[in-house]
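Respectively, the protein sequence lines represent chains A and B.
Each residue of the first sequence is one higher than the last, beginning at 1 in my numbering.
Each residue of the second sequence is one higher than the last, beginning at 259 in my numbering.
Coverage of chain B stretches by chain A, computed from C-beta distances (three or more under 8 Å per stretch; other residues unrestricted): (1) 439-449; (2) 453-459; (3) 470-484.
The set of hints was computed from the structure by calculation and includes no laboratory data.
For glycine and all other residues, C-beta sits at the position ideal for the given N, C-alpha and C.
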Amino acid sequence: MSALLRMQKVTVRFGGLVAVSEVDFHVQPGELVGLIGPNGAGKTTLFNVVTGVYAPTSGSVHFAECEVGGEPPFRITARGIARTFQNIRLFASLSVLDNVICALNLHSKSGFFGALWRGKAFRAGEKENREEARKLLEIFGLADAAHAPCRSLAYGDQRRLEIVRALATKPRLLLLDEPAAGMNPTEKVELMKLIRFIRERFGLAVLLVEHDMKVVMGICERIAVLEHGCKIAEGTPSDIQRNRRVIAAYLGEEVSNA
Amino acid sequence: MRPRIILLLVIAAFASVSFCFTGHPEAAWPLAQLDDYLLNILLMAGINVILAVSLNMVNGYTGQFSLGHAGFMAVGAYGSAAITQIQGKVLLETFGFLGAAAPVFLFSLAVLAGGILAALAGLAVGLPSLRLKGDYLAIVTLGFGEIIRVMLQNTESLGGARGLTGIPPRTTLGWTWAIAALSVYCVGSLVRSTYGRGFLAVRDDEIAAEAMGIHTTAYKVTAFVVGSFFAGLAGALYAHMICYISPEGFSFMKSVDVVVMVILGGMGSTAGVTLAAIGLTFLNEVLRQMQEYRMVAFSLLLIVLMITRPQGLIGDLARFLPGRRRLKP
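With the rest of the complex left out, here is chain A (with noise of 0.2 Å):
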């Protein structure tokens, strides 16, 4: 089977900073798979090599056998690949369907001259979309606030937005950035359960950037873990937990006196 996304010797150099070094990493269609790595590791220099905001200095980012390194976000988005991001960012003076709209307009037909007319067409595409988004937060439980302002709903609420939001985009690959960020321990059990849900009903991969250990080690498959912009591990969550090199990373060494 050939991978959904391939990354080959992914390096990227800020001046004379490299922040990630030569990594090799793949995500199998319909996998779960973590990246984790102390704080300043390059979790999210890749994460965003990935989503187009920075292009790779050198190596190359395949994406369903495509070359997509370098892309602008927006291209990339259209390819397939969605992401959330670490600090919320909705659409704030949107209401929630209204968010979820934004993102359905890459695979609407809504157009600026169909917009002007408001013929037929038009507005067949329009109920279309808002039927989708409704059905969308239907699904997560959100359609009730459809039309409240995004930003009344709960910190947790906004999250799940997030994803619907990122879903409306039609991915074949979901990219999270830290969502247990700033959750506290039963909204974290929620969201695990929210994520293999996510990818048993949508069928598609996740890769998950995270700090929380639990959530990690709880629902990925597989797990690499970045240590000074370069891979030090990959494997199982059993395989990461046993590693030495990892326990290292995080603890710090031993202090032999032999």
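Assemble chain B onto chain A, guided by the hints.
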């Protein structure tokens, strides 16, 4: 009734008034009784509505701070005057076969040309400069407005610093308010669509919009071009209303006037901005009696309003009303 049908009726009503009574605006019924002064205020109010609504597309809905609206207005004014005044005689002969309708036809052509020229100018300015944000974009657009003004000042064939006189008086209430209605409709219906939600997304969070597959640059340039197109139309109407245009009339202060209307009406509220444009036009006349204190009173009013209602007269009052179905075409 569908908004499109209402709009067509409104425009047809205005246009029929216009077409029946060509020639000087005073001739148009039922304004024969109106004195010149009131007529001019009503015309100016309509032109200001077009300017404010179109700038609101850029500053309000798309969140790009432009300070060069007067520049696009100047392009429209001079572009249309070039057709009716400078080339007027020749063109009138060319369209002579249209008989009495020839001047009106030429005028409509000139207004359209003014809009298209301004839209092209908007495209030329927008493509390179919309990569900038906030204050930087404001400064670039401000600079553009000044470049236009200085260029006009030094183009002798367009009258140079003396300005262009003898523009035929063709602007009527019908024309002005029909185009004002058109601008309100266009901006309103663009925004009220799945496509148009993209403008608001760009305003709220450019990075998130981009990540949702929205081509932010294309949206910003589109807003800019639509905005400058209508500014061009307004400029053309203005030129054929006061019959004399000079570069000084399109200075930075004119841009600021329009920005004030948008801010006062509430960024991103077409209804608010329309009201503010009409209100400020009349207020300007009321305050004229106070002569030298006029600008002081005007500024004071602005300060008070900004303190008490920073979101503008209407602002987000119309949003999120319970039970209101938004996005309903």
